[in-house]
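Chains as they are written, first to last, in my numbering: chain A, 1 to 272; chain B, 1 to 252.
Quick caveat, the hints were computed from the structure, so don't treat them as lab data. Check before you lean on any hint, since a few could be wrong.
Below, simulated BS3-like cross-link-like pairs (lysine-lysine); rule was C-alpha separation at most 27 Å, straight line [to be verified]: (1) LYS162(B) to LYS52(A); (2) LYS16(A) to LYS165(B); (3) LYS121(B) to LYS250(A); (4) LYS5(B) to LYS16(A); (5) LYS57(A) to LYS165(B).
Since the structure is predicted, the reported quantities are computational estimates derived from the model, not experimental observations.
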Amino acid sequence: MSFWSEKGSIAEQCWKNGHPDFPVYDMHGHMGGHYAIYFNRCEPAAVVEHMKRAGVKHLVFSHHYALWEPTFRNERVYEMCREFPEHLRFYVAINPHYPEHIKEDLAQFDRWQPYVVGIKMLAGYHQVNVTDKKYEYALSFANERGIPVLNHTWGGRGHYNDGPSMLQIVQKYPNAIFFHGHSIFGDYEYAEKVVKESSGKSYLELTAVCGENEMIERFCSLVGSEKLLYGTDMPWFDEFQGIGGIVAAKISDTDKRNILCDNVERILGKEW
Amino acid sequence: MEDIKFFDCNCRLGLPMNGGRCAADTAALIAELNYAGVEKALVRHTNTDVAIYFSNDLVTNWVKADTENRLTGVWTILPSQCHELPEPDEFFNSFKANRIGAITLYPQEHRYVPCRLTLGKILDAAAERKVPVLLNGFAGQWTALYNFMKEFPDITCIYVEKGGKWGSDRNIRPLLENYAGFHFETAGYWVPEGLRDLADEFGAEKIIYGSNFPSYNHGNGMLQLKHCGLSADKVAMIAGQNLENLLKGAQL
Chain A
1 MSFWSEKGSI AEQCWKNGHP DFPVYDMHGH MGGHYAIYFN RCEPAAVVEH MKRAGVKHLV
61 FSHHYALWEP TFRNERVYEM CREFPEHLRF YVAINPHYPE HIKEDLAQFD RWQPYVVGIK
121 MLAGYHQVNV TDKKYEYALS FANERGIPVL NHTWGGRGHY NDGPSMLQIV QKYPNAIFFH
181 GHSIFGDYEY AEKVVKESSG KSYLELTAVC GENEMIERFC SLVGSEKLLY GTDMPWFDEF
241 QGIGGIVAAK ISDTDKRNIL CDNVERILGK EW
Chain B
1 MEDIKFFDCN CRLGLPMNGG RCAADTAALI AELNYAGVEK ALVRHTNTDV AIYFSNDLVT
61 NWVKADTENR LTGVWTILPS QCHELPEPDE FFNSFKANRI GAITLYPQEH RYVPCRLTLG
121 KILDAAAERK VPVLLNGFAG QWTALYNFMK EFPDITCIYV EKGGKWGSDR NIRPLLENYA
181 GFHFETAGYW VPEGLRDLAD EFGAEKIIYG SNFPSYNHGN GMLQLKHCGL SADKVAMIAG
241 QNLENLLKGA QL
């Protein structure tokens, strides 16, 4: 008998119904087209339809254009979310090359409630290290308010969002809640450090990890499932594939539920 | 989940040269297949790119150790002119007895040009017999793959990803459109409901489930396929029937 057939398990629910019997939170998404790939489903209506089928209650995203095209401002993302108030939430996309945009957009943070959740940094693509002064205003803002900061992170050393750099900002801004996108992929040493040597508000986010054989098991062992968050990079990766990667991991149902739902509710509550 | 029979076309067995995730032997792989509910697998050696002489024999032995007939082996080919493999007739005539069902190739690692001069004899024989050719050796190497398909347009083949996770529609779709024998394997193609789009446009018979185990677990792609929005019949085709048909269609 396969793990899909275990009576009452999360895997069985997902296999039969396409989703578990609790809400799933996808904490790492995007929206809109991207130059490097063809997407058939990347606009809000299609994304939300896909989410609903997979039982994803909220997707928190930063818009591709807001990250890549400076004339596309976060106000437009807020308007998108307002069209899908039950499902879409967003991170303020931060481009370190446009400090006036950062200040102007973060000044709208309260007005953009309840759709805005935190800020998103993409240091590897903007080619400014996360420790650079150009991020200080945004990170101080997050630190003062205790809000989430999602970073694109990756393994290896000597680049803009590597493990040692992430550890520096985690320790410099102890009140901000750091979501390490892609879990500093491949750098287990610093994935563990950024969680264990933080103030306790540091989480590994699993985009691109879901489905990797034995990786989620290893992260559970290193930092505990209470420190892991589910994400897909939507519209890059399929929700069923991502959830499938979690439920296929050889961890307990408590661990799976922590990753897909409970950790986020402990951070942000049930209604947000 | 026994409603769908999964036959994994992208599965590796054996110890990697540099360590890492693996199923070391037949028993370990069968245990993984049982855990995930995968009925069968087309298996190649995880080390075939660097240990070709040894790996074909190991695959043969691993398949023999599978007493439930759930594994079918993949052997690696090389250019004919160095006489490192038997002549095509002898080579393919030994497939059935050894439960070998497909071939693969690694032109980059084995350092040759994949063209008619090097591979014409053996790949013409494979095309004639409709023996499936796994194209894992071309993963992400689009120019080389396009050139290869121009040279061998009549082969029955399955493009198999290695580690790529970005949907490669801009490169895959032209191949699906232009080569009748070209099939696409699902592992690493994580585009939301993209499997449905590919099947709708090019036919579900062109898509084949693969796991890329042991790099990926089996389950993520299984759930993605199950809920991609296709009918149950088409899901079953992609999950296992298409590969079964390709292997049965080979004249061995």
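Now for the hints, and whether the structure bears them out:
1. LYS162(B) to LYS52(A): Not OK: LYS162(B) and LYS52(A) at ~31 Å, beyond 27 Å, violated.
2. LYS16(A) to LYS165(B): holds, 26 Å
3. LYS121(B) to LYS250(A): At roughly 46 Å apart (the allowed maximum being 27 Å), LYS250(A) and LYS121(B) break the hint.
4. LYS5(B) to LYS16(A): This hinted pair holds, its Cα atoms lying about 15 Å apart.
5. LYS57(A) to LYS165(B): Holds, at roughly 24 Å.
In terms of the numbered hints stated before, the structure departs from hints 1 and 3, listed from lowest to highest.
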